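Colleague: With chain A fixed as given, assemble chain B onto it according to the hints.
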Amino acid sequence: MREFEFLLAGMLGMFLLALGVVFFFLAYQRRLLKQQQEHQRKETDYQQQLLRANLLSQEKERNRIGKDLHDEVGAMLTTSKLYFRHMEQDAPKEKFSELKAKVFDLLEETIASVRRVSHDLRPVVLETLGLEEAIANIRDELNASGEIKVDFASDLSGLMNKEYQLNWYRIIQELVNNTLKHAEANCIEIRMRGHGNQLKLTYADNGVGLGKAESRNGLGLSNIESRLSLMHGKLVFKESKQGISIELASNISNETHDHE
Amino acid sequence: MSDNLLTWLNNAYYLHVVALSLIPLFRWAKLSSLQKRIAHVVIIAVLNDHVSKVLVEYDATSWLAHFYLPIFYVFVVRVYAKVLSSLFGKHFFNVLQVGFVLFSVINSVFLQRTAPLISNAIVLGYVTFIFLSLSYFYQLIKVSDHQVLERNPMAWFNTGALLYFSGALLLFMFISDVIATTLPVRNYALGINSVLNMILMIFYAIALCVNPKK
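Line order of the protein sequences matches chains A and B. For reference, each letter of the first sequence is one residue, going 1 to 260 in the working numbering. For reference, each letter of the second sequence is one residue, going 1001 to 1214 in the working numbering.
In isolation and in its complexed conformation, chain A is listed as follows (with noise of 0.2 Å):
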């Protein structure tokens, strides 16, 4: 009988074990699951907050770009017809001449301001010669208004795919408004490298930095990480003593490894 008390104690200690291991399990499970959602909602919010900006940052480049038509091309056509207006056949010759001049300075300042407004929503560069001649252009450019000076340097081998060269071309624009505009720079460098199927971008000027923390969650910025996402990238700030560092990374292509 004394045996048998003790087996029946074994059973009750070894069911109360597996009953203490399944308690043990379900505490601990909840606790992931609760991570898990957590992860999950913060993924969602972030992926929202992205959208938003996207949108803002297309609302805001088409209010942009609506100024510009009015302000510039609607005004200089306005005044254009008011000057064809004042043209009669029989005015006086000098009069004449004078009018159609001044209409025909108009008119090219008008399709310069639409190739202008043309090139911000396609870069032709960009599409005939390629990401590292579109880059070029934009340091040649700033070069050559003296306020700042670029340095840009790529090494890049692989094919990009149109998609992602428009993507990075943008980010470089938007990282270099954000200097022009906030850092208060004198310099910009630009390095550029491509090794298989990865392209890493470092971008670095010597300005005030993005010290404040709304900088860093700025409309520029989130349009940044959207870009990346797409591209499966990522963005890493480094330290620098002075000015912003920043390097950023993606695919060449959106292609699987197995394609390769």
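Just so you know, these hints were derived from the structure itself, not from any lab. These numbers come from a predicted model, not from an experiment. It is possible that some hints are incorrect.
[Said to hold, decoys possible] With a straight-line cut-off of 27 Å between C-alpha atoms, the simulated DSS-like cross-links for lysine-lysine are:
1. B:K1090 - A:K34
2. A:K60 - A:K241
3. A:K81 - A:K67
4. A:K34 - B:K1213
5. A:K149 - A:K102
6. A:K81 - A:K102
7. A:K162 - A:K234
8. A:K241 - A:K200
9. A:K42 - B:K1030
10. A:K81 - A:K95
11. A:K42 - B:K1142
12. A:K95 - A:K67
[Stated by the list, open to error] To give an idea of the interface, some chain B residues facing chain A are shown, with a C-beta separation under 8 Å as derived from the structure:
13. F1137
14. L1140
15. H1146
16. T1159
17. L1162
18. L1163
19. L1169
20. L1170
21. Y1188
22. G1191
23. I1192
We treat Cβ as the ideally placed atom computed from N, Cα and C, and that holds for glycine.
Modeller: Only chain B this time, still in chain A's reference frame:
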């Protein structure tokens, strides 16, 4: 334990068996593929209980376990093979099934031919089930996509299996000694086994009744 109490427990247990027999019958069309494998285990178990109830009248139940246990083992391992193949690989379960059936045959023919119960094979089977059960809990923690467990039929099946086989393991390790002792002691052992079985049946039933999340 008195004979009355034991009879009451056995009747209660048999009610559970009857109720459990009906669930696969009514819910078969709604069961997922995993639940169907669990249902196969349940069907084997309830068939064994029904046949036992008939054969006990003729005092001829001793041979039943020699056939029931290997078949039960194969079907239980089949359930775990569906959920644990990523952890162990498919061949692992084939080896388990073949190995156990061979051992069971050898044990029945040579080792425990005249024993009242094939405790060697039972203990080996129960140890395997406990190992598989713990492995499944481990896998549930390891996965990257955690789900709510209330609607996971395997979680219910696994919990019931761990509780029963852990609780009953020691009993069947010393079953020969238990059977050889006095009647009250034997009654206690059978009563405890009935209680543990009823707990197992409840978990089987829940596993078959939940609607898994698609």
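Colleague: Measuring from the C-beta of L1162 of chain B to each C-beta in chain A, is the shortest one below 8 Å?
Modeller: holds (5 Å)
Colleague: When you check the alpha-carbon spacing of K81 of chain A and K95 of chain A, does it fall within 27 Å?
Modeller: The given pair, whose Cα atoms are some 16 Å apart, holds under the 27 Å limit.
Colleague: Taken at face value, is the distance from the CA of K1213 of chain B to the CA of K34 of chain A at most 27 Å?
Modeller: Answer holds: K34 of chain A to K1213 of chain B is near 18 Å, not above 27 Å.
Colleague: Under the criterion that the straight-line Cα-Cα distance not exceed 27 Å, is the pair K60 of chain A, K241 of chain A satisfied?
Modeller: Roughly 33 Å between the alpha carbons, so the hint for K60 of chain A and K241 of chain A is violated.
Colleague: With a cut-off of 27 Å on the C-alpha distance, tell me whether K42 of chain A and K1030 of chain B pass.
Modeller: Distance ~36 Å between K42 of chain A and K1030 of chain B Cα, so the pair is violated.
Colleague: Was the hint right that L1170 of chain B lines chain A, CB cutoff 8 Å?
Modeller: holds (5 Å)
Colleague: Classify the hint on T1159 of chain B as holds or violated, based on whether any CB of chain A lies nearer than 8 Å to its CB.
Modeller: holds (5 Å)
Colleague: Does L1169 of chain B pass the interface hint, meaning its C-beta sits closer than 8 Å to a C-beta of chain A?
Modeller: L1169 of chain B check passes; min Cβ-Cβ to chain A is 6 Å, inside 8 Å.
Colleague: For the pair supplied as a hint, K1090 of chain B and K34 of chain A, confirm whether the alpha-carbon distance does not exceed 27 Å.
Modeller: violated (32 Å)
Colleague: Can the restraint linking K95 of chain A and K67 of chain A be considered satisfied, given a maximum Cα separation of 27 Å?
Modeller: violated (33 Å)
Colleague: Quick one, are K81 of chain A and K102 of chain A close enough, alpha carbons at most 27 Å?
Modeller: Between K81 of chain A and K102 of chain A the Cα gap is close to 11 Å, so the pair holds against 27 Å.
Colleague: Given the hint that K42 of chain A pairs with K1142 of chain B, does the C-alpha gap stay at or below 27 Å?
Modeller: holds (22 Å)
Of the numbered hints listed earlier, those contradicted by the structure are 1, 2, 5, 9, 12 and 22.
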